[in-house]
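*Asks:* Work out the full structure, taking the sequences as your base and the hints as a guide.
Protein chains: 2
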Amino acid sequence: MIMKILPALLVFLLVTLVSAIQASDDALTHQIHLPRPQTGSRGSHVPGISCLSWRLGVETHNIIDWETVPAACEGYVGHYMLGHQYRKDSKAVTYEAYLYAKSLNLTKDDKNLWIFDIDETSLSNLPYYVHHGFGVEAYDSTTFGAWVLEGTAPALPESLKLYKKLLTLGVKVAFITGRGESQRSVTETNLKKVGYHTWVKLVLKDSSYSGKTAVVYKSSERKKLEENGYRIIGNIGDQWSDLLGTNVGNRSFKMPDPMYYIS
Amino acid sequence: MIMKILPALLVFLLVTLVSAIQASDDALTHQIHLPRPQTGSRGSHVPGISCLSWRLGVETHNIIDWETVPAACEGYVGHYMLGHQYRKDSKAVTYEAYLYAKSLNLTKDDKNLWIFDIDETSLSNLPYYVHHGFGVEAYDSTTFGAWVLEGTAPALPESLKLYKKLLTLGVKVAFITGRGESQRSVTETNLKKVGYHTWVKLVLKDSSYSGKTAVVYKSSERKKLEENGYRIIGNIGDQWSDLLGTNVGNRSFKMPDPMYYIS
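Residue numbers (my numbering), protein chains in the order written: chain R, 67 to 329; chain U, 67 to 329.
Note that these hints are calculated values from the structure, not bench results.
Model, not experiment: these values are computed from the prediction.
Don't take every hint at face value.
[As the list claims (entries may be wrong)] Derived, one-sided and incomplete: chain R residues facing chain U with beta-carbon distance under 10 Å:
id : residue
1  : Glu125
2  : Asp155
3  : Ser156
4  : Gly315
[Stated by the list, open to error] Here are a few chain R residues that sit away from chain U, every Cβ distance over 10 Å (derived from the structure):
id : residue
5  : Ile115
6  : Glu216
7  : Lys230
8  : Arg245
9  : Thr255
10 : Ser274
Think of the CB as a built atom: it goes at the ideal place given N, C-alpha and C, for glycine as much as any other residue.
*Replies:* The structure is reproduced here in structure tokens:
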């Protein structure tokens, strides 16, 4: 009897085995873009801290003044940036920003202003960082400057959606960026090419701010905008230095960015 | 021939099958505590936003003024709180806080002060929230008050370590909590029982602050401490309302808490 059913049993077992392995693979594929600590067999974990915790620490401003992404987190950050989660996290922020803007009873006087940072907020430098270790390599002004001058940075899609919705609500937009005045032309062209067609002011970092932090520079420029009669109803940036300081506006939104830190 | 090796082959296949299933189970066990969006076959996702993104939004103060955890994220938040990631995230924060405190060149005059919030910062109410949907249920002052009066809240282990290390560095500690004056005795007993043995001040919310936000109440109490000569070198809390406002101290640390929001 057992010999008679053995072939059938064998086929059943093979099918079951293949299914089990298949299911295991599917789970892996599904999860490759989910944030996961770099621990275990690769042996390249950050001592005492998971890459998930590191990223949360960065996003919550608990971990500050860091120079590069921990080497062991390159794979983690790369998967995060290229996978679904970065986009989902960005969307959660811009969606919340839109809900907030929509909830306001705005005066119709063209003085309601929303501040956008540019790099990793309006435009994405991911095509550059893909080739530079997602922030594991130290910042290189030469190669990064050359990339900016190409003027081919894509829009961050969720930010562009927010930008368009804000304009529809009658909100004015100003960009304040850490890019220098020498990059004004290429930045304008790049912004317009990807869909940011209009703004009341594009503020680039003047040489007079040389050596000053982004917090000082951006606070000072926001103050000028308020002195010109604008009400900063919202501010969005990927760096806490876009959002802290003075004249911070009515509400701030922190875009995700685990690749670099600017003070 | 095939009939002769069949039993051996069968045993091999069974062992392989069991191993494959075992491996799959191990992976599941390992990952069950990692943050994962509640999407897919269970069909219970938050419309347009993953639970991961929701939690990041909460921790970064992009999502504010929320009343309860989205129902679809109960499982996600529960796994996060009971699993390894909450502990890891907490450790990343307190470790950073310790590095910061250690880096300071502190005056030895007993005036360097660190502010600790209590609930979900020094003490954990997880034994309560396990039975109340991890924040999915609306806050119930009666049942929560009864839980507090039991005085059995465990210490958050990483926070307790930080507390002890700060004392070793010569830093003084004050607690400022949203708990009311009527809960002073049980709170003192609970704190001491789990290892928080000393403090320069335990500030509970006086009825004069009734109707005031935590930001107003805590700012005002920090101001009093500064007026008494203390230098607030650090502040740690699970709510942004522990950390925002005035007299915020030299540096703030946000403990994770995806279970509730206090403004």
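*Asks:* Hints first: check each against the structure and report whether it holds.
*Replies:* Hints and how they fare:
Look at R:Glu125: its Cβ gets to within about 5 Å of chain U, closer than 10 Å, so that hint holds up. Among the interface hints, the one on R:Asp155 holds; its C-beta lies about 5 Å from the nearest C-beta in chain U, closer than the 10 Å criterion. For R:Ser156, the interface hint holds, the least distance from its beta-carbon to any beta-carbon of chain U being 9 Å, beneath 10 Å. Interface hint at R:Gly315: violated, since its Cβ lies 14 Å from the closest Cβ of chain U, which is beyond the 10 Å cut-off.
Residue placement check: R:Ile115 does not keep its beta carbon more than 10 Å from all beta carbons of chain U (closest about 5 Å). Chain U leaves R:Glu216 outside its interface by the beta-carbon criterion, the shortest separation being 31 Å against a cut-off of 10 Å. With a least beta-carbon separation of about 17 Å from chain U, R:Lys230 lies farther than 10 Å from that chain, consistent with its non-interface assignment. The beta carbon of R:Arg245 sits about 24 Å from the closest Cβ of chain U, which is more than 10 Å, so the claim that it is off the interface holds.
The beta carbon of R:Thr255 sits about 31 Å from the closest Cβ of chain U, which is more than 10 Å, so the claim that it is off the interface holds. In this structure R:Ser274 is separated from chain U by more than 10 Å, as the shortest Cβ-Cβ distance comes to about 29 Å.
Comparing the model with each earlier hint shows violations of hints 4 and 5; every other hint is respected.
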